[in-house]
Amino acid sequence: MGLLKEHDLGTPAQPGPATVSVEIDGVPVTVPEGTSVMRAAAMTGTDIPKLCATDSLQAFGSCRLCLVEIDGKKGTPASCTTPVAEGMKVRTQTPRLEKLRQGVMELYISDHPLDCLTCSANGDCELQDMSGVVGLRQVRYGYEGENHLDAPKDTSNPYFDFDASKCIVCSRCVRACDEVQGTFALTIEGRGFDSKVSPGAGELFMDSECVSCGACVQACPTATLEEKSVVDLGMPTRTVLTTCAYCGVGCSFKAELRGDELVRMVPHKDGGANEGHSCVKGRFAFGYATHPDRQLKPMIREKITDEWREVDWETAISYTAEKFRDIQARHGVGAIGGITSSRCTNEEVYVVQKMVRAAFGNNNVDTCARVCHSPTGYGLKQTFGTSAGTQDFRSVAQSDVIVVIGANPTDGHPVFASRMKRRLREGAKLIVIDPRRIDLVRSPHIEAEHHLQLAPGTNVAVVNAMAHVVVTEGLVDREFVDARCEDFDSWAEFIAQPEYSPEATEEITGVPARELRAAARLYATAGNGAIYYGLGVTEHSQGSTMVMGMANLAMACGNIGREGVGVNPLRGQNNVQGSCDMGSFPHELSGYRHVSDDAVREVFEKLWERPILAEPGLRIPNMFDAAVDGTFRGLFVQGEDIAQSDPNTGHVNAALGAMELVVVQDLFLNETAKFAHVFLPGTSFLEKDGTFTNAERRINRVRPVMTPKTGKDEWRVACEIAQAMGYDMHYDHPRDIMAEIAAVTPTFAGVSFEKLDKLGSVQWPCNDTAPEGTPVMHVDSFVRGKGKFVQTPFVATRERSTRKFPLILTTGRILSQYNVGAQTRRTANVAWHPEDVLEIHPHDADVRGISDGDEVTLSSRVGTTTLRARIADRMPVGVVYTTFHHPVTGANVVTTENSDWATNCPEYKVTAVQVGLKHAASAHQDARDEQPALAD
Amino acid sequence: MTSTLSPQIRMANDIAVQFHHLPADEAVEAITKHIRMFWDPRMKAELQRLATEDSGSFDPLALAAAKQLSG
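Protein sequences appear in the order of chains A and B. Note that the first sequence covers residues 1 to 936 in the working numbering. Note that the second sequence covers residues 1001 to 1071 in the working numbering.
Among the hints, a few may not be true.
Reference excerpt, derived from the structure (chain B facing chain A, CB under 7 Å, subset only) [as the list claims (entries may be wrong)]: (1) D1014; (2) Q1018; (3) R1042; (4) A1045.
These aren't lab readings, by the way, just hints derived from the structure by calculation. All C-beta atoms in this analysis are idealised placements derived from N, C-alpha and C, irrespective of residue type, glycine included.
Turn these sequences into a full structure, and let the hints guide you.
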């Protein structure tokens, strides 16, 4: 397609069924009550001239360009701020209005550089457009008067410039920062002629609170705020609609190209997940796709101490197949396996799990969700019947109380956080349950009603105590429970025991009983209560228990099955939901159906013409254990850096080092590739053709912006390995893979590329019952029939602080970086987070003689690393925090083998550690230094 | 130092302790079911072997479940 420009209706849509009929320039139109005259006119095809109005922002009424005449009304009201009234007759074009608009434009243009022909926004400038629309022919005031043409240019942000000389002070950027993003980083400084846009108190953008989401750039009607890439490369000429490959929000983007060169990524207004908003990663951090570090040719080597040898695809694939077959011949069918990636498309993931089950002939397939949201899979399946969040993102706009548990949405899921913050500014109450004082606890115009700052590892004790309050204080929604749930009475008896009261658990959790009781009452009584959670819930020894505990609480309060409520995992990676849906777990086929189910297996066996084992295969941690034991000797790793992301790095390295064949398919030679014998170059999201499924079960199309730089689609690689191993696996196009997924997976039965292209996206289940998908689940009944209350005893983790390791380490991620950083470290995002730091409470730092910025050692019972300290009181005394974005730090050198009892999801969030001033590099860092060729 | 228990015993004990609140027979049933549903055959076989050779390292309910696996 050419360049896609969405129609801007000027002001936001109004909710509600009530309508009003009006006449615009003699054309009748019926619109929702409260609609502006400007929007009503746009709906008839008449775009009233405007500069300060855009339909992503509330009307402001400052530019005075959108004036209209209305029968029976005096003067010329602004159409953006004037709501329609029944029978209203509006004229948008009269000689009087023309003259007024020309007068306004004259004033703007008299203080604007007249460099249109050389301006980088030439052709994409609303000021330029409006000059033409109003018929401006002269500027009577001249250009010599006082003006802003010498205003300074701020180029401090790595992705966009702020050229104040071109600013018309329409406030769109300020309002976008306030209303859309919710950061309030921008303001209008000064009065009258001195008014100017300012990030903070006269700071540069880079020094301000700006989070570089790009909302201001998108809102700007001139070249004042503009992407550096547009300045450098020129205005794009065509659009490809696609989906972001960072977090689980799954934002839709317009990839805008000039010829074959990607100029910018602009959030798509019709994107179901993001509705026109973005964050710094999706909007700007796509340069890794063309980074020179990318390895574009396959490589092989006999031993990991050998040099890599570039080979053609045919050689690499036959070598891989031969080695895998040889291992199986010597050590058995179960001696090899594969790991699928949550960064790959549904279609790519599906073919890898099929390769393992049908060509390898075992169920040794797992996915990186093992180390993040596998407890979600277990917990929600047990209680609700399926492994998925219950709501769509829009639902949060109907919430009255929002509980955020173990998640940091403003950093991890920023576009959803903006939706959430908007609702909080409208008056919804907020409860944060987190050891760390995350930004949401107190940020502009938002303050949590309750911050339950619990001790790490005590989630279950807290959620049980909340449920105890609900049950013992008579706050249960009996009507909902009686009609929709089972096993309530035994659960209620269990949870009502005195040991689960807030008073009894206060000593364990550190949460004052009175505060906890107040939070529980608020959640149970405030109306629509919604729970949103992240890895601070799942990555614990009781991760699955906690998921069930939250489900119990939601059911007890009747907070399931309608808009505004629910239990919602905030998925970490773009396709965590999809990779799990596709049958990547060793015990489940696609659609979360256990391999022991004969009827389910039969469906696949018939289609695939291969038997499928009825017993589960190895999970990722089990693969490592089996590798060390010598029974597991070959691994295919799709787009996942297990040597950096998985816990207890020493153990992972020992396992990888013990294998005969490690095959890595990735964009870069990552940490895992150090142990690889075959490297198969992968494709970036800009080269992929397929689908991603986000945290709200929304299946979005991923469309290729460029041809694969590796010369081969990633899904073909798995097919060709399978074929080389003797199993015929062939597709002509990813749409054929989706057709097979739909044929074998009841929840995907109605999904096809054609439908996605037509509707934009659908949320599963999508089948005959719900042909256009299901935004909210469990509306009339749960997927499993009745919602099941499960007893959730609190069992303390075995990881305890000791005299030797007296602090507790917990980990997380930051806005500008993404997981192991393979992508974002290869972009200008390093400007915000060039290294991992250790946040430590002032008291803990003081007793250790540590000052802000000191290099410190971080040691646990399994390993030691070093990093820089940052003194911060976000953490309580005794708790330290770091991120895991940089391999040189290797935060997982210190995390342990402890894991969730049900799923083996690692307990990243609780590690007993000691911190001291650094005297030497750690063994982990020495080992990295010895391999300079693979340093970051 | 890392845990000295074999991974299978450690994981089985981790599962068992989650069911301590149930009557013993129900708990053993739940533990057995969980292991059957989620463990690879070689892990189950190793657990059964360890139940014979290293029973002292087991949580009693995990041991009972390990012995029941073959049933």
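Right, here's what the structure says about each hint:
With 7 Å as the threshold, the beta carbon of B:D1014 comes within range of chain A, its nearest partner Cβ sitting at about 4 Å, so the hint holds. The criterion of a C-beta within 7 Å of any C-beta in chain A is met by B:Q1018, whose closest approach is roughly 5 Å, and the hint holds. The criterion of a C-beta within 7 Å of any C-beta in chain A is met by B:R1042, whose closest approach is roughly 6 Å, and the hint holds. Interface hint at B:A1045: violated, since its Cβ lies 10 Å from the closest Cβ of chain A, which is beyond the 7 Å cut-off.
The earlier numbered hint that this structure contradicts is number 4, and it is the only one.
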